[in-house]
Amino acid sequence: MNCDVLDVLTETSQDKNQNFIDVYEGRIPKRIPMSVGVDGAAAIEYAGLNLILDQYSAEKMIEAIDFTNGLFDTDTLVGFSNRLPSFYKMLGAKNYQMGADGYMQHPNVYGMEPEDYDDLIKDPVKVCWEKVLPRFYDELAKPYPYNVIAITKMQSSMQSIMSKVGPAMAKLSAKYNKTTQNFMAGRTRAPFDLLADTFRSFTGVSSDIRRYPEKVLAAVEALYPLCLKLGMPKAKPSRTVLVGIALHMPTYMREKDFQKFWWPTYKRQVEEYVNAGYNVSMFCEENWMRYLDYLYELPAGCELQFEYGDPKVIKEKLGKKHIIQGLFPMSILRTGTVEDTIRTAKEYIDILAPGGNYIFGMDKSILRAKDAKIENLQALIRTVKEYGRY
Numbered sequence: 001m002n003c004d005v006l007d008v009l010t011e012t013s014q015d016k017n018q019n020f021i022d023v024y025e026g027r028i029p030k031r032i033p034m035s036v037g038v039d040g041a042a043a044i045e046y047a048g049l050n051l052i053l054d055q056y057s058a059e060k061m062i063e064a065i066d067f068t069n070g071l072f073d074t075d076t077l078v079g080f081s082n083r084l085p086s087f088y089k090m091l092g093a094k095n096y097q098m099g100a101d102g103y104m105q106h107p108n109v110y111g112m113e114p115e116d117y118d119d120l121i122k123d124p125v126k127v128c129w130e131k132v133l134p135r136f137y138d139e140l141a142k143p144y145p146y147n148v149i150a151i152t153k154m155q156s157s158m159q160s161i162m163s164k165v166g167p168a169m170a171k172l173s174a175k176y177n178k179t180t181q182n183f184m185a186g187r188t189r190a191p192f193d194l195l196a197d198t199f200r201s202f203t204g205v206s207s208d209i210r211r212y213p214e215k216v217l218a219a220v221e222a223l224y225p226l227c228l229k230l231g232m233p234k235a236k237p238s239r240t241v242l243v244g245i246a247l248h249m250p251t252y253m254r255e256k257d258f259q260k261f262w263w264p265t266y267k268r269q270v271e272e273y274v275n276a277g278y279n280v281s282m283f284c285e286e287n288w289m290r291y292l293d294y295l296y297e298l299p300a301g302c303e304l305q306f307e308y309g310d311p312k313v314i315k316e317k318l319g320k321k322h323i324i325q326g327l328f329p330m331s332i333l334r335t336g337t338v339e340d341t342i343r344t345a346k347e348y349i350d351i352l353a354p355g356g357n358y359i360f361g362m363d364k365s366i367l368r369a370k371d372a373k374i375e376n377l378q379a380l381i382r383t384v385k386e387y388g389r390y
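Counting in UniProt numbering, the sequence shown runs from 1 upward without gaps.
What the hints contain is simulated information worked out from the structure, not anything from laboratory work. On a predicted model such as this, the values are computed, not experimentally measured, just so you know. Ideal placement from N, C-alpha and C gives every residue a C-beta, glycine not left out. Just so you know, not all the hints are guaranteed correct.
[Unchecked claim] In silico DMTMM-like pairs for lysine to aspartate or glutamate, Cα to Cα no more than 20 Å straight-line:
| # | residue 1 | residue 2 |
| --- | --- | --- |
| 1 | Lys315 | Glu285 |
| 2 | Lys267 | Asp293 |
| 3 | Lys215 | Asp123 |
| 4 | Lys126 | Glu139 |
| 5 | Lys317 | Glu297 |
| 6 | Lys364 | Glu307 |
| 7 | Lys215 | Glu115 |
| 8 | Lys30 | Glu11 |
| 9 | Lys215 | Glu113 |
[Claimed, not checked] Pairwise CB distance ranges (calculated):
| # | residue 1 | residue 2 | range |
| --- | --- | --- | --- |
| 10 | Ala100 | Gly355 | 18 to 28 Å |
| 11 | Ser207 | Glu339 | 41 to 51 Å |
| 12 | Ser156 | Glu214 | 42 to 52 Å |
| 13 | Gly92 | Lys317 | 20 to 30 Å |
| 14 | Glu59 | Val313 | 42 to 52 Å |
| 15 | Glu272 | Ser331 | 33 to 43 Å |
| 16 | Asn108 | Ser157 | 25 to 35 Å |
| 17 | Val313 | Pro264 | 21 to 31 Å |
| 18 | Met158 | Pro299 | 32 to 42 Å |
| 19 | Ser207 | Leu230 | 49 to 59 Å |
| 20 | Leu230 | Gly92 | 17 to 27 Å |
Could you put the whole structure together from the sequences, leaning on the hints where they help?
Here it is, written out as structure tokens:
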């Protein structure tokens, strides 16, 4: 790959926007765009603030985002998390709770019992309001008007925080020459994953596909319209307008169960977004090597972010049809040296960048400051910017 340090130093927000646009529209960009995730908790810790207390303050969150983006010259603005404890605490949440160190955790809870399948199949929205949400949130289990009051208070708190954080993030994007175009216009779930994550839990749905296979299939179909609508963007159709979907369950399933319960509705979902003129960015959690042939069947140009897998095989099988992202091992940033980081980054770029259809990314986001040494992440960013030029 080419290296022009002067070009790197003079990159504008529009230059960074254009690199992403080129990839999403099927062109080779001037430089490999980079998608590096840094969670809000990590930003607070990098800034030396108090994770337990400062997640409740819009001003402190803005301070942390400002500090972290000054520290790391990423392409996109980093350091914000929408899992804010104030929202969950006001609702008495069981599905997201703050740990002893201040980090928001997601316990393995479930929203409905097996005997609720028939009701879910008949009216999934009603089941959400009457059974799932009251089980997840103590305040919503209270009778009217107390449940409505709780929602109103939470919405007011959210508006108060985001009315400060939102404009500040826009200003910081300009201040640090980050991308200013919002490519991710919607987020949703695969129908089977929604059933597993929200309604029945990982262990529950794994048992259900043996005990009630037909009900599981019917439930997935019932949830399909909700998942589709949840992710459908309102923006003007474009290949640069993406729907984000994190894919959870497939790597824990037998392939025949994946084929029967998971894949059909998900493939249809992706096809509907693409037929509507949008693109899809999916995070393939864990190791998807046994499912690469299925991913190839999806409409051309999807963004596939991988956590684990063989980059050479992934590039060979999917790189001409789809956009590859992810795979760089974050563990290098935690335990390696600057030299290790630079060498490994170049190895991944050499494999995945030729011919385009590539966005540099890691196997996972940086959730805590301990996940990545500052000097290593800075070296990684610098290497991608200098070595990753076409």
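Comparing the hints with the structure gives:
Under the criterion of a C-alpha separation no larger than 20 Å, the hint pairing Lys315 with Glu285 is consistent with the structure, at around 17 Å. Between Lys267 and Asp293, the direct Cα distance comes to roughly 13 Å. Compliance with the 20 Å bound is thereby established for this hinted pair. In summary, the hint linking Lys215 to Asp123 is supported, as the alpha carbons are separated by about 14 Å, within the 20 Å threshold. Proximity of Lys126 to Glu139 is assessed by CA-CA distance (about 18 Å); at most 20 Å being required, the pair is judged to hold.
At most 20 Å may separate the alpha-carbon atoms for a hinted pair to count; Lys317 and Glu297 meet this at roughly 11 Å. Straight-line distance between C-alpha atoms of Lys364 and Glu307 comes to about 6 Å, which keeps the hinted pair within the 20 Å bound. The suggested pairing of Lys215 with Glu115 holds, with an alpha-carbon distance near 10 Å, which does not exceed 20 Å. Under the criterion of a C-alpha separation no larger than 20 Å, the hint pairing Lys30 with Glu11 is consistent with the structure, at around 11 Å.
For the given pair, Lys215 sits about 13 Å from Glu113 by alpha-carbon distance, which is consistent with the 20 Å threshold. Checked against the hint of 18 to 28 Å, the pair Ala100 and Gly355 fails, with Cβ atoms roughly 48 Å apart. About 48 Å separates the C-beta atoms of Ser207 and Glu339, a value consistent with the hinted range of 41 to 51 Å. Taking 42 to 52 Å as the suggested C-beta distance range, the pair Ser156 and Glu214 conforms, at roughly 44 Å.
For Gly92 paired with Lys317, a C-beta distance near 47 Å fails the hint of 20 to 30 Å. Distance hint check: the CB atoms of Glu59 and Val313 are about 48 Å apart, consistent with the given range 42 to 52 Å. Separated by about 37 Å at the C-beta atoms, Glu272 and Ser331 satisfy the suggested range of 33 to 43 Å. For Asn108 and Ser157, the Cβ-Cβ distance of about 27 Å falls inside the hinted range of 25 to 35 Å, so the restraint holds.
Here the CB-CB span from Val313 to Pro264 is close to 25 Å, well matched to the stated 21 to 31 Å. Range check, Met158 to Pro299: about 35 Å between beta-carbon atoms, so the 32 to 42 Å window is met. Hint check: Ser207 to Leu230, Cβ distance near 26 Å, so the stated range 49 to 59 Å is violated. For Leu230 and Gly92, the Cβ-Cβ distance of about 24 Å falls inside the hinted range of 17 to 27 Å, so the restraint holds.
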